[in-house]
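Visitor: Sequence:
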Amino acid sequence: MKIASIFVSGLLLGMTAFAHKQEPVHEPAKPYYVVIKGIHNYGDHHGNEKGDHGNGIGIDLGYRLGHGFAVEIDGSYEKTNVTVFEETESVRENIKYWTSSLDFAYTYEATESLGILFKVGYEYEYEKTDTESSHDTGLVYAAGFEYAIDSTWKVVGEYEKSTIKGPKGDMITLGVMYNFDL
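Under the working numbering, the first residue of the sequence shown is numbered 3, with each subsequent residue one higher.
Any given hint could turn out to be false.
Straight-line distance between alpha carbons at most 30 Å, and here's what the computed DSSO-like set of lysine-lysine pairs gives [stated by the list, open to error]:
1) K163 to K130
2) K32 to K81
3) K167 to K81
4) K52 to K130
5) K98 to K32
6) K98 to K163
7) K39 to K163
8) K52 to K32
9) K130 to K32
10) K81 to K98
11) K52 to K39
12) K52 to K98
I should point out that these hints are in silico values taken from the structure, not numbers from a laboratory.
Can you make the complete structure from the sequences, with help from the hints?
Guide: Now the structure itself:
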């Protein structure tokens, strides 16, 4: 987790320095957006389960409400491995997650090109292992950045946590945002 914090901090500082050298984006924000993102989760030790690092893909569909606020519907698929420790042995299983959430986001425009992003939402998670499946709900919250390439395209990075306890753990995402009008 310390490496992720250092990575995100360095990325934010680098993007801020780079943002000052770019031509400003003067066009008003388009109200709709879609984000396609890659996901890396860090795994966690929860109860008798220990999750490995895992990867996945996600999509965010959003609408800007104005003054930096937006509402999003998110979906993701992730895959990892988990070790279940039992009294006499340990069993290794594949694990898959399908997650959806409704989020409220706020982006603070630090510069013409760089925004600092905060999110909070309600999440539904479906988990399937080799032997069983389950589902859970909880709160999800994230912080990250949006870097505008132009008025249509942005690079987006986030660090996300959930109140759902399990072997998946925290995750970091990196994606591309496309902004559009209907």
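Visitor: Among all the numbered hints in the text so far, which are the ones the structure does not match?
Guide: Numbers 2, 5, 8 and 9 - these are the hints that the structure violates, sorted from lowest upward.
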